[in-house]
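Produce the complete structure using the sequences and hints provided.
Keeping their order, the protein sequence lines are chains A and B.
Note that the first sequence covers residues 666 to 827 in our numbering.
Note that the second sequence covers residues 98 to 206 in our numbering.
Hints were generated in silico from the structure; no laboratory data involved.
Predicted, not measured: the structure shown is a model, and the values here were computed from it.
Hints are not guaranteed to be accurate.
[What the hints assert, rightly or not] Covered by chain A, per the in silico footprint, the following chain B stretches (three or more residues, Cβ under 8 Å):
hint, segment
1, 110-118
2, 127-139
[Stated by the list, open to error] Derived DSSO-like pairs (lysine-lysine); straight-line CA-CA distance at most 27 Å:
hint, chain 1, residue 1, chain 2, residue 2
3, B, K113, A, K716
4, A, K716, A, K770
5, B, K113, A, K736
6, B, K113, A, K738
Backbone N, C-alpha and C define an ideal beta-carbon position, used for all residues, glycine too.
Given next are the chains, with one letter for each unit.
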Amino acid sequence: MREFSINATDVTVAGATTLAFVNPAAAPSVNIEILRAWVGFAANATSAQQKIQIVSQVTAFPTLTSYTPRKRKPADPNASVITGATNGAAGTCGINASAEGAGTKTVELPDACNVLNGWLWIPTPPETMIWPAGSSSGLGLYFPTAPSTLTNWSGGFVYREV
Amino acid sequence: MSASFSAAADGRYDHKLFPFMRRRGEQTHVTEAYVSIPPALQITDAEGAIWTLGFDYDEREWRAGRYEYDVVRNGRMTGEFARTIEFRAGKVIIWGADGRRTWNGRQFV
Numbered sequence: 666m667r668e669f670s671i672n673a674t675d676v677t678v679a680g681a682t683t684l685a686f687v688n689p690a691a692a693p694s695v696n697i698e699i700l701r702a703w704v705g706f707a708a709n710a711t712s713a714q715q716k717i718q719i720v721s722q723v724t725a726f727p728t729l730t731s732y733t734p735r736k737r738k739p740a741d742p743n744a745s746v747i748t749g750a751t752n753g754a755a756g757t758c759g760i761n762a763s764a765e766g767a768g769t770k771t772v773e774l775p776d777a778c779n780v781l782n783g784w785l786w787i788p789t790p791p792e793t794m795i796w797p798a799g800s801s802s803g804l805g806l807y808f809p810t811a812p813s814t815l816t817n818w819s820g821g822f823v824y825r826e827v
Numbered sequence: 098m099s100a101s102f103s104a105a106a107d108g109r110y111d112h113k114l115f116p117f118m119r120r121r122g123e124q125t126h127v128t129e130a131y132v133s134i135p136p137a138l139q140i141t142d143a144e145g146a147i148w149t150l151g152f153d154y155d156e157r158e159w160r161a162g163r164y165e166y167d168v169v170r171n172g173r174m175t176g177e178f179a180r181t182i183e184f185r186a187g188k189v190i191i192w193g194a195d196g197r198r199t200w201n202g203r204q205f206v
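In structure tokens, the structure reads:
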């Protein structure tokens, strides 16, 4: 199976922000199966709670920093069908949104964590989230409320092309 | 055989890609008791070591229901696989198909 990661590392977020976003390619193409999502924080040792959501969002998508997915299996000869872009369009991904876009967000998985401990979501196979090619929405890792400290956030997705 | 090769051949993860896997600067806190990974991302023990679950797993065993990933200490694979890492009474405990094992400072027993 071909696996890739989208990594936001030590970014400064704007506030209530999409930390990572991936949008499946137009059909016919592979589907995106989310295997893992995580959020980490390293700015200080101040205990604080932070809401985290995995959301789906229809157009208009967030404005992002382009990110090219990293292979999780370096021997894989092919790059992901998902490419880096700033507009969140179909078949693209990016990190650390500077604007959230007008598209409606739907909460797929709500959670919260202590920032000192971070947050890790690893679904068992029956629980994985599969986003089909040609979907009208992409998936985002989203802070619904602004963190009390905006610096040194990390996070991302691991996905599989199925 | 592992299905994912996120770590280098020496078992070290890329800290630029995964900065949460290592301590950065002097130790600032110890994780409170009963925190477990997941849903936490990391545990900091009294020695200042950072624990987390890595990305490596055995595809066949994973598909057979043994949903375990490599146990990572300070960004380096320990050679153990587990479903959960728990911090309890100052000890790092892993849970998996091999049952409950506790870190004794050098290895899990």
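Status of each hint after checking the structure:
For the segment 110-118 of chain B, the stated coverage by chain A is satisfied: 5 residues place a CB nearer than 8 Å to a CB of that chain, which reaches the threshold of 3. Closer than 8 Å: that is the beta-carbon criterion, and the segment 127-139 of chain B has 8 residues meeting it against chain A, so the requirement of 3 holds. Restraint check for B:K113 and A:K716: the C-alpha separation of about 25 Å stays at or below 27 Å, so the hint holds. A distance of roughly 15 Å separates the Cα atoms of A:K716 and A:K770; the hinted pair therefore holds under the 27 Å criterion.
The straight-line distance between the Cα atoms of B:K113 and A:K736 is roughly 15 Å, inside the 27 Å bound, and the hint therefore holds. Using a Cα cut-off of 27 Å, the hinted pair B:K113 and A:K738 holds, with the two alpha carbons roughly 17 Å apart.
Comparing the model with each earlier hint shows no violations; every hint is respected.
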